[in-house]
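Chains A and B are the protein sequences, given in the same order. Following the numbering used here, the numbering of the first sequence begins with 1 at its first residue and continues without gaps. Following the numbering used here, the numbering of the second sequence begins with 344 at its first residue and continues without gaps.
Since the hints were made in silico from the structure, they are not lab data. Glycine included, every Cβ here is placed at the ideal spot set by N, Cα and C. One or more hints might be untrue.
[Stated by the list, open to error] Some chain B residues near chain A, calculated using beta-carbon distances under 7 angstroms:
hint : residue
1    : S476
2    : P481
3    : L618
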Amino acid sequence: MSLRSYIIARILLTIPMIMLLLTFVFLVVRVLPGDPASLHFEKQVDPQLLLQFKRRLGLDKPLEIQYIDYLSGLLRGDFGKSMQDFSPVSQQIFSAFPATLELAIWATIIMISVGVVLGVQASRSYNSLPDHSIRVFGTASYAIPVFFLGEVMIMIFAIYLHLFPAGDRIYAGMEPTGLTIGDMHWKSGLYVMDSILEGNPEKLLMSVRYLFLPSLTLGMVLCGIFVRLTRGNMLETLQLDFVTAARARGLKERTVVYGYALRNAFLPILTMMGLQFAALLAGAVLTETTFSWPGLGRYLVDRITFRDYTAIQGVVVFFGLVVAIVSLAVDILYAYLDPRIRF
Amino acid sequence: MSDERPKGRIVVQLFPALKDLTRRGLAGWVILAGATVVSLIAIMTVISPWISPYNPIDINVGPILSPPSSQHPLGTNHLGQDMLSRVYSGGAIMFQVAILSVTVCIVVGVPIGLFASYTGGYTDKVASLVMDSIYAFPGLVLAIAIAAMLGPGVVNMALSIAVVYVPSYFRIIRSQVLTIKELPYAEAARMMGATGRSTLFSYILPNVIPSIVAVATINFADAILTAAGLTFVGLGLPISTPDWGWDLTYGRRLLTSGTWWVITFPGLMVVLLALGFTLMGEGLSELFNPRLQR
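Let's have the full structure, built from the sequences with the hints guiding it.
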């Protein structure tokens with residue numbers, strides 16, 4: 001199979017998956033509680049008012065019409081209206097998403113670097129104390145609720161040591177403005193990148209300080225699987241002939257391990273990154289809530305408090321679409337890097 | 344083919360593997376360690392009404408936010424509740440939710456997995472597609488959506504968690520059945536005239552059970568962490584129930600005043616319980632299927 005036909009086949013497979021997911025979320029919100037509109041009002045509400053409320057949200061139409069509206073809306077990038085103020089949910093989603101993306105990127109960097117370094121160290125000291133302690137750490141990291149770790153981090157680094165802020169994304173009013181060329185303005189919404197584009201080291205330092213604890217927390221909780229993966233992979237690779245040959249040529253041990261052997265672990269790590277992306281987003285929801293990080297997860301949790309079911313539906317659908325697109329991208333990248341997968 | 348056979352096989356498959364755990368190397372010790380931690384916490388939870396110095400939901404049994412002292416060894420929270428008593432009894436909810444959701448997962452996931460993978464063809468493709476779609480979704484986000492719609496309660500919480508984890512069972516069963524049904528002994532059974540149903544239940548199922556046990560054990564840990572997560576985003580049980588998740592949720596707001604004891608002890612209990620199940624699950628996976636990766 002050529003790369004092109006693989007990509008086409010993979011995309012065709014993604015479409016039914018997305019459709020199933022959209023239908024599932026639609027049914028959960030419309031059918032599971034009976035009527036999301038009545039559920040929104042905790043107490044009895046004037047039927048006239050309820051009908052008006054439903055009409056504004058399109059919840060008075062028959063289910064099949066609602067379903068068609070919902071799908072055609074999504075095609076236009078419309079994630080529905082909020083039950084609270086009838087504003088389009090998509091606006092909120094798009095303004096909160098960069099914060100989540102930035103957290104996810106930095107957490108990924110920490111997760112991979114900690115995971116790979118510890119995994120390599122464990123494999124080099126196979127069956128000794130460092131190896132055992134690293135394995136215990138890897139297993140224990142699964143068992144820690146991310147928000148508990150976050151709370152401990154806040155307690156130690158923010159409250160007692162005053163090293164990092166306990167929450168939020170930046171000092172109010174200090175949001176970086178991004179790139180300005182003449183009258184042209186462009187910003188990504190990722191504060192670290194925007195501070196660099198603005199050329200403001202003060203804002204850069206501040207963005208990093210605010211980012212540090214949340215991304216460290218999320219990265220540490222998810223790094224266990226990479227410790228295990230790297231360790232297992234390295235234990236096998238270090239036995240192979242090409243590693244012995246590299247050593248025999250007198251290369252430094254560090255070059256042999258990181259420059260030669262570790263390359264073999266690259267593809268499995270990439271695959272695992274794709275698989276872990278969903279876990280990363282789920283972890284981000286809790287991390288954002290812990291650190292009052294103004295991203296999508298926090299928006300979702302806020303909406304729960306307001307019983308804003310249409311907004312909850314919008315955010316959940318958005319999460320699903322992001323995961324589907326990322327896993328598609330990872331699979332295509334994988335097929336490109338490793339031709340064996342295409343056959 | 345008598346009817347006794349399958350039952351006999353199950354016993355032969357599962358229990359001898361668990362005998363003499365101390366002589367089975369590291370995996371055996373890991374299972375024992377995990378089982379010990381889980382049992383101790385379970386015992387503590389069961390006997391909590393007798394060992395708790397105070398009623399865990401009574402407010403103002405002491406001064407509010409008192410640090411650990413001889414009166415309140417683990418301190419008190421912002422409602423003046425005794426944290427030691429809350430730590431003793433806060434696991435009951437975790438156990439209930441986890442047991443219920445794992446049971447639902449097994450009851451739903453195992454039959455679908457067996458049937459789809461043994462039948463193959465169109466049924467298998469459709470079931471796999473549905474399960475893969477759910478599996479690919481961020482589990483907690485899906486559980487949040489379902490729990491938000493269903494409303495609070497132990498059963499609703501367990502159901503929303505179960506929906507997320509059914510695919511894990513489906514996948515492990517499917518991959519096992521696909522391998523086992525091509526093995527010579529399964530083929531021999533079919534050649535000797537065993538019907539599809541008896542091949543599935545008498546010959547294939549017994550060999551899948553160890554994997555189900557391993558997955559279910561790891562799933563206990565996931566269910567506990569997800570339940571704590573649901574509570575943390577505000578979808579937990581009402582305040583009248585002692586719950587480690589609730590303490591972790593409300594303790595977050597007390598951190599700024601330097602109150603460390605409200606989150607620390609319940610948090611450690613969640614970690615210990617999840618760790619106990621994880622260790623058991625990992626040991627079991629290694630024992631039953633050394634190549635199985637999580």
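Hint check:
1. S476: Status holds, d = 4 angstroms.
2. P481: 4 angstroms, holds
3. L618: 4 angstroms, holds
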